[in-house]
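Student: Protein chains in written order, with my numbering: chain A, 11 to 639; chain B, 220 to 364.
Simulated from the structure, these hints should not be mistaken for lab results.
Misleading hints may appear alongside valid ones.
[Stated by the list, open to error] Computed beta-carbon distance windows for the label pairs:
{"id": "1", "chain 1": "A", "residue 1": "R616", "chain 2": "B", "residue 2": "P335", "range": "55 to 65 Å"}
{"id": "2", "chain 1": "A", "residue 1": "P396", "chain 2": "B", "residue 2": "G272", "range": "31 to 41 Å"}
{"id": "3", "chain 1": "A", "residue 1": "V477", "chain 2": "B", "residue 2": "G272", "range": "32 to 42 Å"}
{"id": "4", "chain 1": "A", "residue 1": "A596", "chain 2": "B", "residue 2": "D334", "range": "38 to 48 Å"}
{"id": "5", "chain 1": "A", "residue 1": "D565", "chain 2": "B", "residue 2": "N289", "range": "42 to 52 Å"}
{"id": "6", "chain 1": "B", "residue 1": "D334", "chain 2": "A", "residue 2": "V477", "range": "36 to 46 Å"}
Just so you know, even glycine gets a beta-carbon here, dropped at the ideal spot from N, CA and C.
As a plain string of letters, each chain reads:
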Amino acid sequence: MDHGRYAALFLSESREHIGACNQHLGLLERDPGSQEAVHALFRAMHTIKGMAAMMGYAHVTELAHRSENLLDLVRAGTVTADVALIRLLTEAVDELDRGIEEAATGHDQALDFSYVLERLDTLVGPESTGASPQAPGPASAPEPAPRRPRGDRSRPVRVTVRPGVMMPGARAALALNQASGLGEVTDVTPGAQEFQQEGFDGAFSFWIETDRADEVLEEAIRSVGDIDSVTIGDAARSQGPAAGGDAVQRAHNTIRVDLRRLDALMSHVGELVVARNRLVELAAGYAGTELEEVSGRINRLVNEVQAEVIATRMTPVWQVFDRFPRAVRDLARELGKQVSLTIEGGDIEVDRSLLDEIGDPILHLLRNAVDHGIEPGADRLQAGKPEEGRLVIRCSRERDSIVVIVEDDGRGIDRDVVLAKARETGVVDDEVEELTDALLLQVLGRSGFSTATKVTSVSGRGVGIDVVLTKIRALGGSAEIQSQVGRGTTFILRLPLTLVIFRALLARVCDERYVVPMAFVAETVEYNKATRAEVHGRDSLVLRDEVLATTDLRDIVGLDGADRSMRRPCVILEVGNRRSALLVDALIGQQEVVVEQFDPPSGMPRWVSGATILADGTPALILDAAALV
Amino acid sequence: MTNVAVERVLVFEVGDLVCAVPAGVTREVISPVAITRLPGVSDVVDGLINIRGTLLTVIDGHRLLGRPANPDHEGAIVVLEVFDRVCGLRVGRLVDLVAVPADAVDGRDTLPGVDPGIVKAVGRHQDSPFVLLDLEELLRPVMGT
Chain A
11 MDHGRYAALF
21 LSESREHIGA
31 CNQHLGLLER
41 DPGSQEAVHA
51 LFRAMHTIKG
61 MAAMMGYAHV
71 TELAHRSENL
81 LDLVRAGTVT
91 ADVALIRLLT
101 EAVDELDRGI
111 EEAATGHDQA
121 LDFSYVLERL
131 DTLVGPESTG
141 ASPQAPGPAS
151 APEPAPRRPR
161 GDRSRPVRVT
171 VRPGVMMPGA
181 RAALALNQAS
191 GLGEVTDVTP
201 GAQEFQQEGF
211 DGAFSFWIET
221 DRADEVLEEA
231 IRSVGDIDSV
241 TIGDAARSQG
251 PAAGGDAVQR
261 AHNTIRVDLR
271 RLDALMSHVG
281 ELVVARNRLV
291 ELAAGYAGTE
301 LEEVSGRINR
311 LVNEVQAEVI
321 ATRMTPVWQV
331 FDRFPRAVRD
341 LARELGKQVS
351 LTIEGGDIEV
361 DRSLLDEIGD
371 PILHLLRNAV
381 DHGIEPGADR
391 LQAGKPEEGR
401 LVIRCSRERD
411 SIVVIVEDDG
421 RGIDRDVVLA
431 KARETGVVDD
441 EVEELTDALL
451 LQVLGRSGFS
461 TATKVTSVSG
471 RGVGIDVVLT
481 KIRALGGSAE
491 IQSQVGRGTT
501 FILRLPLTLV
511 IFRALLARVC
521 DERYVVPMAF
531 VAETVEYNKA
541 TRAEVHGRDS
551 LVLRDEVLAT
561 TDLRDIVGLD
571 GADRSMRRPC
581 VILEVGNRRS
591 ALLVDALIGQ
601 QEVVVEQFDP
611 PSGMPRWVSG
621 ATILADGTPA
631 LILDAAALV
Chain B
220 MTNVAVERVL
230 VFEVGDLVCA
240 VPAGVTREVI
250 SPVAITRLPG
260 VSDVVDGLIN
270 IRGTLLTVID
280 GHRLLGRPAN
290 PDHEGAIVVL
300 EVFDRVCGLR
310 VGRLVDLVAV
320 PADAVDGRDT
330 LPGVDPGIVK
340 AVGRHQDSPF
350 VLLDLEELLR
360 PVMGT
């Protein structure tokens, strides 16, 4: 087995099932009698067990197996799902979560789950030998039993493994093994030894003699995961023995793809876009020629390929956000609070690479809200609020960005306290009388600024709002805050849909060109005698009834500013609700820009968010608008 | 004949200084190309270049080693991989890629007028001495994280 490749697959699939476990633990906690939750947990646990066994991760298999046994007892009604049991299961899932990561990096042997296992045993009773066999490796797939007269309880079963699965043979062997646990299996077609052959397409059939109901049989087979269809009884017979799965394959049009493949594809598309830009620029000098025509076609095709590849990488946010309710619940419990989390717009899709990055910052905001925002139940009741605190994550699309709103109905931020602390530490001048939302964000965004009076294990770890804001900015996004004492706090995060390709405005100062992401360009205007003004000693631009402080890009990049003309183009930058005017020497135009990775020297300035290659092949720096407004 | 350990080094000139880097850390050598200035960083950094679609930080060997450039030198960029980071070193001109027997690399610390801190060893090529640069020491302050 190509272990590394399968380990990555094992990890990504197991994570999904761990996610499902967490989700259903939450359900079970709210409704301990939920059979649906118990069944789903059982299935997920069973699948993890099967996959771990297939990979040879003995410790993970063992823990999943024992958890599954406990769930089996709950399912059968022998054991009741009470608070202690749910807590133990939660712990087991946490350990498994840790375990799958360790195992996939080759450290299964070093795992020690004895603490959890002991307690699982006290509820289940120690493991009796062979009660529920561990799934064997593919090599030991059962041989078909000798043909014998079939009794009344004998039924044909036809199974197809989902097309595109990496190891159809191993899945089939597992499924068969599950069936064998319920009765006597005979006449496996094609033979189990053929499951490992190159041409095996994942379709097979067999006869089983069992007392168990069809539903039980089907559930057992499906529990190995990635089973496309299970047909039992006459329906299976009429289809005849398993043959080529053409019809089945046509009916299903999704496949699993290794993320690294998609990353490689995206990176190639990035290079293609850069080369395309260059080609289009070169061909522009040959108007009316065949070269221009071909370049036009390539231009359109590259656009289409780019759109398709980006679409392929789009992932619904719930895939990462689903772990939040569980985290919020655990933390709230630890703090003796009641908090519910609702996620709206979980189907909104963003680029996979971005999704991986935004999980932690958002989780941090949630933890902050539970710890500092939501009041203890008694205080809430006294304030006339429901005892249970409410957290909401709202996701939506806005042009080329995704907006994630994290909202709590807690005590809100006490601006007086923040202002006092800000004055004390010199973050704001003494004459600042009132903290506007924008100023509040600036203050909270200062490194290490915290007004938490006591240090808790939760958010007093030196990681504050500043880290969250820095991360969001680094991803090319922006943040806003709204807070009302007694009513709660809302963070509004705006992020690009993808990290790799975006539209940008090209600006020139002296003979240097810089890239401004369009996501932060509100408009472009002219700065001249009529529009300029001096406000509080600062050079400013009057735009309609708004006064915007100006920043000269020449000063930012350290170029001589001697011959500054009085008429200059000006880019109005907008990051959240903050706006400012950036003076440049000329605007060159808009261009699709691909962020290029490189090893930068030490001490890169804060206003650089990255670099790209322009259409003529020259490197150019991308400005971080958030650092300039 | 006994097998004498040899070290392959790339010998080049930076101003009046003949120096060398191990061939093992050298990815390629390219001719000077258009360079984009990187404001706000150390002035030994020349800027960014694009080699076949990849961005590369280029460091000026003359400023790094404190040697005035020789106007007769056509210039070259040596692409180096040191401590997992890739960067370019702009030098005056290439001399040769040579295999020097390990015993041709003197035990001497340095040559007169050269900061011993940046010298790993002193070798000889066609009767003239060269310094084998201590790239770790030289580049960590500029490219280190």
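Student: Enumerate the violated hints, using their earlier numbering and listing them in ascending order.
Tutor: The structure breaks hints 1, 2 and 5; every other hint is satisfied.
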